[in-house]
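Visitor: The primary structure of each chain is shown beneath.
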Amino acid sequence: MGSAKRMRRFKTKNKGGIPSRVEALECTPVKNDRVEESRLENGELQLSYPVTSRPWLGGFFRRLERKSKGTYLKKLQLDALGTEVWELLDGGTRVRNVIRQFATRHRLQQREAELAVTRFLRELGKRGLIGLR
Amino acid sequence: MADHFKYAESLKWRQIAWNGVRFDTPMDWEIGKIGYRYLLLESSSGPVMEVKWAPVKGKFSLRSQLKHLAAAQGRRLRKNLREEKLPAEWARVIDGYDSLGFAWQTDSIGGRGAVLYCRGCRKAVLLQFFETTGQRPFTQAGRVLASFEDHTEGQKTLWSVFDIYAEVPATYHLKRFRFEAGAYELSFANRQSQLILQRWGPAAVLLKDGGLEGFEQRCLGLSAKRSVTFKKRSPLTVELEDGPPSGLFPRFYRRLQRYPFYRCLRLWYEVDKNRILGVRFEGRQPIEAGVLDGICKTYATV
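Protein chains in written order, with our numbering: chain A, 103 to 235; chain B, 2 to 303.
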């Protein structure tokens, strides 16, 4: 049985201080206070947040416009589900509870809701819209 | 089917059935990793069970298989992996198989399992339970093993993973699968046709603009073709059908392109579960009457 050869032991090492799944679920997401929200006609949210341009790109724009301060405003439009999750982030609710509320509201399995919500939070984190406490 | 789930739920156990293998697990064990012939189950505190299987060609030796398994491990674990007599309860429930028990232990986690070989279907199975501090799946292992089956006797194969349940004709073999948040897809094929089972959620959000028709146009786009006939079977079910083109040249051209001549898609909305289910058939021959109905009848979310 070739597949048995491929069995690897379960890795318990935590590389580079990355929180484990259980630890990550216990974190509390906090919104960046520099993010501005505006509600669109269909009820969805549009987030505006300042982004610092890369130094070489900033230099290029400075030469081009002669007035850029090295930051510009970026916009992100959330869909209905994204808006819902964003509204659940009140600075006091843990990731685990956000997932539970989301799963209950849409009658989803816990695991599926976890995948959807954590992927969305990771995306927000990459953009600097939230931090984990 | 409904009775089966009611029964399993009352005991807080459920059935997992995947690619010919099936067994019961406690409700709080969830699938953490899934492969064509692999399942890893996890509870809230970590992995609890792993099962792998493969068909065997030629001779098979349980002992040499265990040696191969040990050799594939890291140095520390290799030393700890040892052959061990199966507990009496395990041995009793898997007496239909040739079996060899094993166990291993590291600082943080231990495992106990068995290599099984079924003479009936010539399939080898590696099954192991993990034990970490604070959780003892070994106590549940007897019941899991008692329910374990590695082949199907009937004309249909059962598929029951995550929240989907389906009975598919045994002639169809799994080709591809996709389990993403919000969208599941199982794709099967036999010599003549392809069968795809799909599941989307949360339906209330997806159906907000245009209902099932709008959803089909946005996400699947089959109805964009002029030749497709659209049927509304009920307020919650739609069906789309596409047959071979009428002209000789288009027909010949399509054959050259190896496109399936016949396509059929049925979509329905499970209101109480907030899901959209879809069954799609594609083939070069017309779909046998009743086959689609039979699959749709058993395909459901739990």
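The reader is advised that the hints may include incorrect statements.
Quick partial rundown of chain A residues pointing at chain B, CB under 7 Å, derived from the structure [said to hold, decoys possible]:
1. Asp192
2. Gly194
3. His208
4. Arg213
5. Leu217
Read the hints as simulated data drawn from the structure, not as lab findings. What you are looking at is a predicted structure, and each value in this text was computed from that prediction instead of being measured. Note that beta-carbon positions come from the ideal geometry of N, C-alpha and C, so glycine has one too.
Visitor: All the hints need checking, so say for each whether the structure fits it.
Guide: Against the structure, the hints come out as follows:
1. Interface restraint check: A:Asp192 against chain B, minimum CB-CB distance 22 Å, threshold 7 Å, status violated.
2. Because the closest C-beta pair between A:Gly194 and chain B is about 22 Å apart, greater than 7 Å, the hint is violated.
3. Using the Cβ-Cβ criterion of 7 Å, the hint placing A:His208 at the interface with chain B is satisfied: the shortest such distance is roughly 4 Å.
4. Hint status for A:Arg213 relative to chain B: holds, with the closest Cβ pair at about 5 Å, below 7 Å.
5. A cut of 7 Å between beta carbons decides the hint on A:Leu217: the least distance to chain B is about 4 Å, and the hint holds.
Hint check: violations occur at hints 1, 2; the rest are consistent with the structure.
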